[in-house]
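Visitor: Going down the list, the protein sequences come from chains A and B. Residue numbers for the first sequence follow this note's numbering, beginning at 100 and rising by one. Residue numbers for the second sequence follow this note's numbering, beginning at 100 and rising by one.
It is possible that some hints are incorrect.
Copies of one chain are not kept apart here, so a pair can be met inside one copy or by any two copies together.
[Unchecked claim] No farther apart than 30 Å at their CA atoms in a straight line, the calculated lysine-lysine pairs in the BS3-like style are these:
hint	residue 1	residue 2
1	Lys-181	Lys-347
2	Lys-230	Lys-194
3	Lys-155	Lys-330
4	Lys-135	Lys-197
Worth flagging that the hints you see were computed from the coordinates, not collected in a lab.
There are 2 protein chains.
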Amino acid sequence: MIKVVILGAGNVASHLCKAFEDSKEVSVVQVYNRNKNSLQSFPPEINTTTCLLNIKDADIYIIAIADDAIKPFSKSLPFTNKLVVHTSGSKAMDKLSKTNRKGVFYPLQTFSKSQVVDFSEIPICLEAENKDDLKLLQNLGNSISKNVQLINSEERSKLHLAAVFVNNFVNYLYQVGSDLLLEDSLSFDLLKPLIKETANKIETLNPSKSQTGPAKRNDIKTIENHLHLLKDSPYKNLYQKLTKAIQKKHNN
Amino acid sequence: MIKVVILGAGNVASHLCKAFEDSKEVSVVQVYNRNKNSLQSFPPEINTTTCLLNIKDADIYIIAIADDAIKPFSKSLPFTNKLVVHTSGSKAMDKLSKTNRKGVFYPLQTFSKSQVVDFSEIPICLEAENKDDLKLLQNLGNSISKNVQLINSEERSKLHLAAVFVNNFVNYLYQVGSDLLLEDSLSFDLLKPLIKETANKIETLNPSKSQTGPAKRNDIKTIENHLHLLKDSPYKNLYQKLTKAIQKKHNN
Chain A
100 MIKVVILGAG
110 NVASHLCKAF
120 EDSKEVSVVQ
130 VYNRNKNSLQ
140 SFPPEINTTT
150 CLLNIKDADI
160 YIIAIADDAI
170 KPFSKSLPFT
180 NKLVVHTSGS
190 KAMDKLSKTN
200 RKGVFYPLQT
210 FSKSQVVDFS
220 EIPICLEAEN
230 KDDLKLLQNL
240 GNSISKNVQL
250 INSEERSKLH
260 LAAVFVNNFV
270 NYLYQVGSDL
280 LLEDSLSFDL
290 LKPLIKETAN
300 KIETLNPSKS
310 QTGPAKRNDI
320 KTIENHLHLL
330 KDSPYKNLYQ
340 KLTKAIQKKH
350 NN
Chain B
100 MIKVVILGAG
110 NVASHLCKAF
120 EDSKEVSVVQ
130 VYNRNKNSLQ
140 SFPPEINTTT
150 CLLNIKDADI
160 YIIAIADDAI
170 KPFSKSLPFT
180 NKLVVHTSGS
190 KAMDKLSKTN
200 RKGVFYPLQT
210 FSKSQVVDFS
220 EIPICLEAEN
230 KDDLKLLQNL
240 GNSISKNVQL
250 INSEERSKLH
260 LAAVFVNNFV
270 NYLYQVGSDL
280 LLEDSLSFDL
290 LKPLIKETAN
300 KIETLNPSKS
310 QTGPAKRNDI
320 KTIENHLHLL
330 KDSPYKNLYQ
340 KLTKAIQKKH
350 NN
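Next up, chain A with everything else stripped away, as it sits in the complex (with noise of 0.2 Å):
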C-alpha cells in the first residue's frame, strides 16, 4: 500500500483524491489545505488537517496547489528527505525546495468540479531524481492510469504550451462559435456534434489531413462572405489570422 497525503485542496487534489481511493493500492492518509472551507468537500472518511505541524507521515506528498505557490509553500514543509512532488504542467521540478526529494506527478487532463474524470486514459507525467523514487511514482501512476509516461521538465513545458493551444486557445474558439449564434439568436447545442466530432478525428486521421474548411481549399469567395459578416466583430481579426496561418500551411 501506498500511503500519499496531498497538499491542497483544488479540482486537481480532489479529483486525485477521488482515483487513489478508488484504487486499491494506494491509501489517502491525509489532506492538508490552509483554509478549512475547501476541505469539506472531501469525503467524512478522509483525514483532513489546516496545521502543517499536524501532517502525518507517509511515502509521496503531492503539492497540489497553485503553480506560484508550489516554491514557497515546499519550502515551508516541516519535514526533510521525504518524496515530494508538484502536479504542474508549467514548472520545473527543480522550483520543489532541496530539503526534499523531488518529483514530478503530472496529470495531462483539463479537471473541473462537477467533471467525473476516468484517470485510466490520462497521461500521468512523472519526473523525479532518483531511480526508487521513479519507480514509486510509477506504481502510483500505474494505480490510477494505464498511461504512466516518464517526462522531463523541459519537455513538460512543451507538453504544457501545447495542452494550452488544445484545451484553452480551443475552448476559446468554442466561446467565440457560441458568442456568433448568440447575435442571431441561434442555439450552441447546433454545433456540438460538429465540435464532438472534431475531436474525435483525431483518434484516426493527423490533424494535418483532417484539416477542412474555406482557407483550406483557398476559398475567396467564402472567405469573402465570412469577413462581411463579421464586419464589425472583434472576431474578424482573429479570422484573418487563423484563416491566414491555414492558408499558408496548406497552399504555400
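Since the structure of chain A is provided, determine the placement of chain B on it from the hints.
Guide: Same frame as chain A, now just chain B:
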C-alpha cells in the same frame, strides 16, 4: 417512400447515400456524377449515371458538390419544376436556378471519406420556398436524424461561420499542438485525452465558464515562459493574439 437522386459523389454525397440507404423511408434511385471514377465507391446496388440526360425521376434532387459549382450546375439540369436542394452551409438558397423549386438540406457536420458517421445526432438544417416542399424535406431529414431544424439562408451563413471557428480553426490548433510536440519528439497521443475532454465539457459547462489556463487567470509568469519557448516559432504571434483575447474577455 421518398425517392431521391444524389447529384455529386464526394464525401457529403457518399455519407448521405449511406444514411438514406440505411433508412426505411428513403430510396436512392440514382447517383449522378460527371466523372465515372468517383461513382465506383458507391455500392453496386445503387444506380449511377454520368449523363445529365439520363437522370431518373425522383421526389427530391440533392446537389452535393463544391459550393461554387452549385449555381451553374443547377442551371444545367435538364428538367423543370422539381424540388432541387443543395447541401452547402455557406450558399444561399437563391443560388439555385429558378427553373426548379428550391430548397436546402444542410447536414451540420464534418465528413471524411474514412470516418463512419452517426447521422442520428447531426443537425439537419432545412429551407424551402413552399410549405409542401419543406414538409417533404422534414420527412427526409427525420428519416436519418433526430435533430431537424428550420434555418433560413441568413442564419445558415452565420452557423457556417461559427462552424469554421469550432471545426476548421480548432483543428488547426490541434495541428499546432502536434507540431510543437514533434519539435521535442513527443507523441501527439499525449494530447488526445485532453482534446476529447475539452470537447466533452461543452455538454455540461458553457465554454465561457469552462475557460481555464494562464490567460484566463492572468498568470504572467507562465505566459512569459511560453513566449520564451515560442521565441523562434511561427506560432508565437497566434499565442499572443489568443492570450490577449482571453485576457480581455475574462479580466476586462
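Visitor: Does each hint fit the structure? Answer for all of them.
Guide: Status of each hint after checking the structure:
In the homo-oligomer, the alpha carbons of Lys-181 and Lys-347 never lie at most 30 Å apart, since the shortest distance is 52 Å inside one protomer and 42 Å across protomers. Proximity of Lys-230 and Lys-194 under a CA criterion of 30 Å is satisfied intra-copy only: 20 Å inside one chain copy versus 68 Å between copies. Taking CA atoms no more than 30 Å apart as the test, Lys-155 paired with Lys-330 passes in neither setting, with 61 Å inside one copy and 44 Å between copies. For a Cα distance limit of 30 Å, the shortest separation of Lys-135 from Lys-197 inside one copy, 28 Å, qualifies, whereas the shortest one across copies, 71 Å, does not.
Hints 1, 3 from the list above are not met by this structure, while the remaining hints are.
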